[in-house]
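Going down the list, the protein sequences come from chains A and B. Plus 541 on top of the position in the first sequence (first one is 1) and you've got the numbering used here. Plus 857 on top of the position in the second sequence (first one is 1) and you've got the numbering used here.
If you are wondering where the hints come from, they were derived from the structure by calculation, not from laboratory data. All C-beta atoms in this analysis are idealised placements derived from N, C-alpha and C, irrespective of residue type, glycine included. Be a bit skeptical, because a hint or two may be false.
Unchecked claim - Here are the simulated EDC-like cross-link-like pairs (lysine to aspartate or glutamate), alpha carbons at most 16 Å apart as the crow flies:
#, chain 1, residue 1, chain 2, residue 2
1, A, Lys866, B, Asp877
2, A, Lys971, B, Glu904
3, A, Lys572, A, Glu656
To be verified - Far from chain A, by Cβ distances over 10 Å, these chain B residues were calculated:
#, residue
4, Pro888
5, Leu905
6, Arg908
7, Ile946
8, Met952
9, Ala971
10, Glu975
11, Glu976
12, Arg982
Unchecked claim - Rough simulated footprint, nothing fancy, chain A against chain B, three-plus residues with beta-carbon under 8 Å:
#, segment
13, 879 to 886
14, 930 to 939
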Amino acid sequence: MVSVGQHENIEILSFSEVEEVSGYVGNFEVKVRKKARYVKEELCNGCGLCQEKCPARNIPSEFDCGIGSRKAIYMPFPQAIPRIPVIDKVNCIYFQKGRCRACEKLCPREAVDFEQEDRILDLEVGTIIVATGFDLFDCTRAPQYGYGRLDNVLTSLEFERMINSQGPTGGKVLLKDGRVPQSVAILHCIGSRDENYNEYCSRVCCMYSLKFAHLVRDSIGAQVYELYIDMRTFGKGYEEFYKRLMKEDVIFIRGKGAEVTDVAERPREEGKLIVKCEDTLLGELRRIPVDMVILSNGLEPRRDATQTARLFGLSRSRDGFFLEKHPKLAPVETASDGILIAGACQGPKDIPDTVAQAGAAAAVALSMMDMGKWTLEPSIAQVDVERCSGCGECLLACPYKAIELVEGRAQVSETLCKGCGTCVGHCLPKAITLLHFTDEQLVAEM
Amino acid sequence: MYEPKIIGYLCTYCSYPGADLAGTSRLKYPPNVNIIRVLCSGRVSPELILRTFREGADGVLVAGCHFGDCHFINGNHRTAKRIPILKKILEYAGMEPQRLRLEWISASEGERFAEVVEEFTETIRGLPPMKEVLR
Numbered sequence: 542m543v544s545v546g547q548h549e550n551i552e553i554l555s556f557s558e559v560e561e562v563s564g565y566v567g568n569f570e571v572k573v574r575k576k577a578r579y580v581k582e583e584l585c586n587g588c589g590l591c592q593e594k595c596p597a598r599n600i601p602s603e604f605d606c607g608i609g610s611r612k613a614i615y616m617p618f619p620q621a622i623p624r625i626p627v628i629d630k631v632n633c634i635y636f637q638k639g640r641c642r643a644c645e646k647l648c649p650r651e652a653v654d655f656e657q658e659d660r661i662l663d664l665e666v667g668t669i670i671v672a673t674g675f676d677l678f679d680c681t682r683a684p685q686y687g688y689g690r691l692d693n694v695l696t697s698l699e700f701e702r703m704i705n706s707q708g709p710t711g712g713k714v715l716l717k718d719g720r721v722p723q724s725v726a727i728l729h730c731i732g733s734r735d736e737n738y739n740e741y742c743s744r745v746c747c748m749y750s751l752k753f754a755h756l757v758r759d760s761i762g763a764q765v766y767e768l769y770i771d772m773r774t775f776g777k778g779y780e781e782f783y784k785r786l787m788k789e790d791v792i793f794i795r796g797k798g799a800e801v802t803d804v805a806e807r808p809r810e811e812g813k814l815i816v817k818c819e820d821t822l823l824g825e826l827r828r829i830p831v832d833m834v835i836l837s838n839g840l841e842p843r844r845d846a847t848q849t850a851r852l853f854g855l856s857r858s859r860d861g862f863f864l865e866k867h868p869k870l871a872p873v874e875t876a877s878d879g880i881l882i883a884g885a886c887q888g889p890k891d892i893p894d895t896v897a898q899a900g901a902a903a904a905v906a907l908s909m910m911d912m913g914k915w916t917l918e919p920s921i922a923q924v925d926v927e928r929c930s931g932c933g934e935c936l937l938a939c940p941y942k943a944i945e946l947v948e949g950r951a952q953v954s955e956t957l958c959k960g961c962g963t964c965v966g967h968c969l970p971k972a973i974t975l976l977h978f979t980d981e982q983l984v985a986e987m
Numbered sequence: 858m859y860e861p862k863i864i865g866y867l868c869t870y871c872s873y874p875g876a877d878l879a880g881t882s883r884l885k886y887p888p889n890v891n892i893i894r895v896l897c898s899g900r901v902s903p904e905l906i907l908r909t910f911r912e913g914a915d916g917v918l919v920a921g922c923h924f925g926d927c928h929f930i931n932g933n934h935r936t937a938k939r940i941p942i943l944k945k946i947l948e949y950a951g952m953e954p955q956r957l958r959l960e961w962i963s964a965s966e967g968e969r970f971a972e973v974v975e976e977f978t979e980t981i982r983g984l985p986p987m988k989e990v991l992r
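Just need the whole structure built from these sequences, with the hints factored in.
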């Protein structure tokens, strides 16, 4: 990421959002709002002094999934590029109460600027790659697992932050009361492969669940139970990793976790979380008392995927992820020429596959730019000026504003016309036809 | 035995790939629909539909993208307005309005396509052949 930030041909617009997209392949006009972070990017050198001294503390950190905290002036995570903090208006004492301004006083480069405003940038680009990623399944939608209600039920990302050595606990696996858990249950397929939530498989969870099992065994030696439906360890070295876990004394139970409860039925369950499941290999219902439960929740399209899709003119497949032009032959292209998709926004996938798709999208974009020319579909609308009455119906019908009235007759712009034929459907005197899809041609197909 | 002939106008970006998906998924549906691909369901004018009936089609299916998904932004909005009006006109002219059906089918709805074709074929089978109506 650092090399991306330093590359002379790459301009990173961080803390920015695309507000409008218009135009067509090779000639897109994109309006971007660069939001005010209240820090001058040209002056800041990322020293972090402001972050250290800011008195507004204990704000739940989004990056640490609420387990850790941050200040009101903060860098989202230590490796953020650009290495420039942002001020959270909602929690900043100056913005809320008019006092403090400690960061401004202490900054050795005088980079803090409370007067900064949002800027609108108008970009002209030839191609667009949408790589907006995913969101995790919200476990509060599955109350049977006790997430949010019972202590020590964590989502996968929360556990990932906990066990990360740069995370809020310094990599220590701890229960809410500070004790080290003696037993951990990892429940696969939460929100996935499930008619009640998402029917699809999230592809990455089996591997990350095994990773967690390995890390738990390695760091605290707790007893680990993996409750799975199938083990989807499909990639290079993945099956070998699974075999290795089997040798690490992880207990594998084939049966999806059904419920997590804290209501004990016998003495050894007191003070524990009890995972209820059916062990399908044993053919028995089981109650497994553990100290900590990790829910392997699945990947979903981002919550604002609908807006993103509208903005870029993207279709979505049944599972809600962005629709590729062809699932096998054109996985990174979309129905809109010049707009490409890559990564988890197209469907759940892990890092190697995401990197491969990113390369694919870059290659497609490069080949388009290299060609310099774009071949248009020949099926565009054509006006018979003799028949045209100049009523202007077609102008109103055209979604691309590709028709103009010239000397009282309709005229079609060849570059803007996409050949949808809506104008043809509207024209009463049948003055406008769609080349290669004329009425005669369609009737001949019958 | 009367086998109804149905003409289906499918849009290139949503309903046509949807029908394709029904095919690659090996779904079974009646072979009575002749698919004619148009770029957008908005291309299908009322006159074209009337001409289709005049040429002998027993039923006409127009399929397009769901609202918000039209590759050409709002072509399907036009279709949505035209078809109900046309159905009223057909009724007024003495033709069964059920002969014309409008559906929104997306590129991932192979099953839905097969379902619609199944249902529509049965509906049309229950009506007299267009040849007799035209006479």
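Here's how the hints hold up against the structure:
no., hint, verdict
1, A/Lys866 - B/Asp877, "13 Å, holds"
2, A/Lys971 - B/Glu904, "10 Å, holds"
3, A/Lys572 - A/Glu656, "22 Å, violated"
4, Pro888, "15 Å, holds"
5, Leu905, "6 Å, violated"
6, Arg908, "6 Å, violated"
7, Ile946, "15 Å, holds"
8, Met952, "18 Å, holds"
9, Ala971, "15 Å, holds"
10, Glu975, "20 Å, holds"
11, Glu976, "20 Å, holds"
12, Arg982, "19 Å, holds"
13, 879 to 886, "violated (count 0)"
14, 930 to 939, "holds (count 6)"
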